[in-house]
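Colleague: If you read the sequences in order, they're chains A and B. Residues in the first sequence are numbered from 1 upward in steps of one, following the UniProt record's numbering. Residues in the second sequence are numbered from 1 upward in steps of one, following the UniProt record's numbering.
Just so you know, these hints were derived from the structure itself, not from any lab. Every residue, glycine too, gets a C-beta built ideally from N, C-alpha and C. It cannot be assumed that every hint is accurate.
[What the hints assert, rightly or not] The following residues of chain B were derived to be distant from chain A, with all beta-carbon distances above 12 Å: (1) E14; (2) I110; (3) V199; (4) F230; (5) D268; (6) D466.
[As the list claims (entries may be wrong)] Beyond 10 Å from chain A on every Cβ pair, some chain B residues (computed): (7) F23; (8) R29; (9) L157; (10) K163; (11) I179; (12) T185; (13) Q196; (14) Q234; (15) V296; (16) E319; (17) K416.
[Unchecked claim] Which residues of chain A face chain B? A partial, calculated answer using Cβ under 8 Å: (18) N106; (19) Q118; (20) F125; (21) Q196; (22) V199; (23) N222; (24) V349.
Protein chains: 2
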Amino acid sequence: MQNILPLHLFEELEAITGSQYLFLDEETRRHYGHDETEDYNFPPSVVVKPGTPEEISAIMKLANEYKIPVVPIGGRTGLSGGALSIHGGIGLSMERFTKIEIDENNLQAIVEPAVITQVFREAAFEKGLFYPPDPSSQGSCTIGGNVAENAGGARALKYGVTKDYVLNLQVVLPNGDIIWTGANTLKNSTGYNLTQLMVGSEGTLGIITKIVMKLLPKNNHNILMLVPFFKSAQACEAVAEIFRAGIVPSALEFMERDAIDWTLRFVDGVSIDIKDEVEAHLLIEVDGNYPDVLFVEAEKIMGVLERFEIDEILFADTEDQKNALWKIRRAVGEAVKSNSVYKEEDTVVPRYELPRLLEGIKDAGWKYGFKSVCYGHAGDGNLHVNIIKGDMTDENWKTEVPKGIREIFELTVSLKGTLSGEHGIGYVQKSYMDIAFTNGHLQLMKGIKRLFDPNNILNPGKVLPDNL
Amino acid sequence: MQNILPLHLFEELEAITGSQYLFLDEETRRHYGHDETEDYNFPPSVVVKPGTPEEISAIMKLANEYKIPVVPIGGRTGLSGGALSIHGGIGLSMERFTKIEIDENNLQAIVEPAVITQVFREAAFEKGLFYPPDPSSQGSCTIGGNVAENAGGARALKYGVTKDYVLNLQVVLPNGDIIWTGANTLKNSTGYNLTQLMVGSEGTLGIITKIVMKLLPKNNHNILMLVPFFKSAQACEAVAEIFRAGIVPSALEFMERDAIDWTLRFVDGVSIDIKDEVEAHLLIEVDGNYPDVLFVEAEKIMGVLERFEIDEILFADTEDQKNALWKIRRAVGEAVKSNSVYKEEDTVVPRYELPRLLEGIKDAGWKYGFKSVCYGHAGDGNLHVNIIKGDMTDENWKTEVPKGIREIFELTVSLKGTLSGEHGIGYVQKSYMDIAFTNGHLQLMKGIKRLFDPNNILNPGKVLPDNL
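Please construct the entire structure, taking both the sequences and the accompanying hints into account.
Modeller: Structure, rendered in structure tokens:
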């Protein structure tokens with residue numbers, strides 16, 4: 001791969017997109033050089049903003065000719081560094097792909113990748129339809145990035161993740177071919193499933209230019225409750241018990257005490273009284289079309305919760321109260337990060353194993369000298385672990401923390417879980433892939449990458465370990 | 001590929017499985033030489049019945065050494081010829097893989113591939129859990145075959161298809177490696193999704209030896225109604241209208257008049273009075289935990305149906321009546337086939353396009369001189385087209401019907417649908433793959449096949465067109 005770009009490349013890029021969509025200045029390059037992953041900044045050598053799949057196709061052909069990296073860039077809210085131009089090259093900002101077309105007849109939508117997730121969700125709501133995936137960053141992340149990372153969010157336990165809504169993709173392949181991966185149908189048994197191979201491939205196998213999404217009829221009611229637990233472990237245990245009682249909540253979020261305390265200090269205009277002895281909270285939502293049914297389900301949940309040591313349950317009675325609780329939950333990540341240098345892991349296990357996972361994380365912290373703040377989507381066993389630098393020495397941060405992370409990942413895998421539930425592997429987790437996969441398995445993945453992208457120009461250095 | 005097997009191969013196979021699991025006699029070979037696809041019989045040269053993944057691994061290594069085809073064989077209920085040993089070789093019957101392990105704590109199950117789908121569903125029911133996919137052949141098809149073909153069934157419109165329940169797979173790769181493709185989690189963004197690449201790959205990329213399935217809490221109530229339409233086209237139109245009214249039925253099945261008439265003659269002990277003017281029926285089910293809610297939804301559906309020309313709706317009041325209606329629906333395929341030589345196509349389109357599809361199918365029949373009987377899972381746009389030979393000449397059957405099928409498939413693709421919704425491509429549809437995919441796209445699929453199986457020994461001659 002070449003890092004120094006030949007001058008006439010810029011002329012050729014300009015001929016494709018027009019000069020107004022080509023940027024070489026440092027400010028722009030640095031702007032597109034970071035996402036939300038720690039404090040990394042890897043600026044691309046040039047930023048282009050193509051407007052059509054055909055322009056992207058021409059760019060890919062050029063990049064193959066010159067063997068220059070191309071990194072697709074979406075909302076830059078990623079937490080695994082998937083959009084970082086770690087080898088420089090062409091930063092391909094997808095921001096001009098913003099169309100939404102809702103097909104009410106088929107309960108589907110054709111969405112372009114730069115559409116903000118929340119904008120898409122609201123456009124669907126307006127037509128009485130529902131796009132469930134709602135990553136915490138929904139106000140700024142894009143649908144294209146959601147597909148690339150197979151994003152989840154708070155409603156995945158009932159409604160599934162991004163992959164469960166993607167029916168078909170228009171993709172520019174690394175060689176410049178433009179294909180539709182599948183069909184706009186709910187069922188498909190026609191050839192190998194390249195749609196699902198593309199979802200979650202973190203922009204390394206193709207550039208997504210259109211997404212056909214399945215939609216559901218909207219439901220109109222929900223009940224939201226915040227449950228304070230005197231013991232963290234019991235909050236984790238309660239999660240599986242609720243499902244075992246036959247309830248599928250629409251959200252079931254876990255927050256350690258520090259997570260909620262730090263967030264209450266970070267977020268304006270929201271306050272909750274919490275007893276000192278409370279160690280963790282569950283935020284539980286049920287949703288549906290029939291309020292009576294929701295009351296019955298809420299009662300059943302309370303029946304389960306009675307078996308644990310909890311303080312008084314807070315029910316959000318108004319839309320404002322609901323929004324305030326969700327605002328807290330969504331701000332946890334940012335609040336925790338604003339507190340200290342940190343590393344975030346996106347562990348996921350079968351939900352019944354959560355208490356084992358939490359215990360193991362705390363043990364690893366004790367062993368390697370770090371504090372962790374845990375929160376996340378407990379309903380699907382997805383626990384975000386924020387490892388806090390605090391007053392740890394730089395030396396220990398560099399040498400001890402990776403050992404602790406490795407032990408935590410080894411634990412997730414031994415519990416039949418894996419490294420990432422919804423953030424992806426990207427740049428920052430690739431060196432741990434050997435924990436989840438055998439060498440032969442990783443070689444198969446590498447073979448797929450090589451098949452799609454023989455010159456290794458599309459988002460190189462992501463997902464797969466370097467030493468493979 | 002070798003078709004004549006060296007004698008010492010049998011000795012080596014015998015050393016792996018033991019002689020009691022090795023069969024060379026013609027009767028056994030012919031028994032494993034057919035599935036439910038038309039009247040094909042392609043016997044394997046030898047039938048083996050391995051008992052462990054390790055035995056399969058040893059068999060694959062042997063087959064690679066001798067370049068001998070291996071065809072995994074499940075319940076042999078397939079409709080696209082996926083389990084036919086078209087090049088002879090080793091017929092690998094999975095029938096000894098019959099364990100079910102239900103994990104009530106995580107709402108999951110580990111199922112071995114030879115478990116009959118209905119047996120698995122009932123085992124889940126007994127624990128208060130629900131495995132929704134229910135192909136019409138559920139009484140004899142196997143879970144492994146369901147995964148290989150990405151089977152659907154009548155409940156897919158609400159609950160999704162097989163792929164939506166597969167969390168993780170233990171697979172013996174063509175080179176003999178045994179891997180787990182993913183993790184036992186509801187969310188996973190860790191590397192390329194080999195789980196979903198394996199689902200629907202029709203036994204050409206690996207041999208599935210264990211399946212981790214997601215389960216749901218069981219629901220206890222449903223309402224089932226049979227709706228006679230005086231116009232077939234209106235029955236198709238009503239399908240999308242029901243969804244547009246905000247209802248997601250748990251089943252929405254379409255049957256042309258011939259389909260139901262032939263089935264009533266074929267099935268014992270069931271009778272329904274149908275007016276001569278009725279052209280088609282919809283069988284509609286809603287399900288859930290709350291009978292009151294189901295009555296509300298049934299009322300809403302009746303509100304939609306009022307807009308169409310229908311005869312009196314038949315409500316199934318008892319379990320016996322429900323079973324009788326489902327018995328009819330499930331027997332349609334067999335009944336139609338018992339009537340004449342036939343070819344079955346598994347067309348699928350976005351559901352609003354169903355009336356266009358049905359009209360196009362009838363036009364093609366008129367143009368090429370064949371009669372068709374259509375029925376299927378209208379709720380997800382999946383229409384089974386049985387092309388009936390009747391008194392057509394052998395010559396026309398051979399030359400004209402394929403032209404008609406090609407036109408029908410071209411129509412499905414132009415309507416944003418595709419060739420197969422749930423039966424797979426297998427042996428009988430592979431020559432139509434160029435309609436759904438560009439050559440570059442098919443070359444990618446072939447590249448994947450080559451990557452997994454460089455000697456092309458695992459189920460060769462399936463899915464991809466011969467001339468690729």
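Colleague: Please verify that the nearest CB of chain A lies beyond 10 Å from B/L157's CB.
Modeller: Non-interface label on B/L157 violated, nearest chain A Cβ at 7 Å vs cutoff 10 Å.
Colleague: With chain B as the partner, please determine if A/V349 meets the hint condition of a C-beta pair closer than 8 Å.
Modeller: holds (6 Å)
Colleague: Taking the shortest Cβ-to-Cβ distance between B/D466 and chain A, state whether it exceeds 12 Å.
Modeller: At roughly 15 Å from the nearest Cβ of chain A, B/D466 sits farther out than 12 Å, so the non-interface label holds.
Colleague: Would you say B/Q196 is clear of chain A, with no C-beta pair closer than or equal to 10 Å?
Modeller: At roughly 4 Å from the nearest Cβ of chain A, B/Q196 sits no farther out than 10 Å, so the non-interface label is violated.
Colleague: Minimum C-beta separation from B/K416 to chain A exceeding 10 Å: can you confirm that?
Modeller: violated (4 Å)
Colleague: Hint validation: A/Q196 versus chain B, beta carbon distance must be below 8 Å. Holds or violated?
Modeller: For A/Q196, the interface hint holds, since the closest Cβ of chain B sits about 4 Å away, which is under 8 Å.
Colleague: Quick check on A/V199 please, does its C-beta sit within 8 Å of some C-beta on chain B?
Modeller: holds (7 Å)
Colleague: May I ask you to check that B/I179 keeps its beta-carbon over 10 Å from the closest beta-carbon of chain A?
Modeller: violated (5 Å)
Colleague: If we take the beta carbon of B/V296, is the closest beta carbon in chain A still more than 10 Å away?
Modeller: violated (8 Å)
Colleague: Are all beta-carbon distances from B/I110 to chain A longer than 12 Å?
Modeller: violated (10 Å)
Colleague: Could you check that no beta carbon of chain A comes within 12 Å of the beta carbon of B/F230?
Modeller: Holds: least Cβ distance 23 Å, greater than 12 Å.
Colleague: Looking at B/V199 again, its CB stays over 12 Å from all of chain A?
Modeller: The claim is violated: B/V199 sits with its nearest Cβ about 7 Å from chain A, within 12 Å.
Checked against the numbered hints listed earlier, the structure breaks hints 2, 3, 9, 10, 11, 12, 13, 15, 17, 19, 20, 23; every other hint is satisfied.
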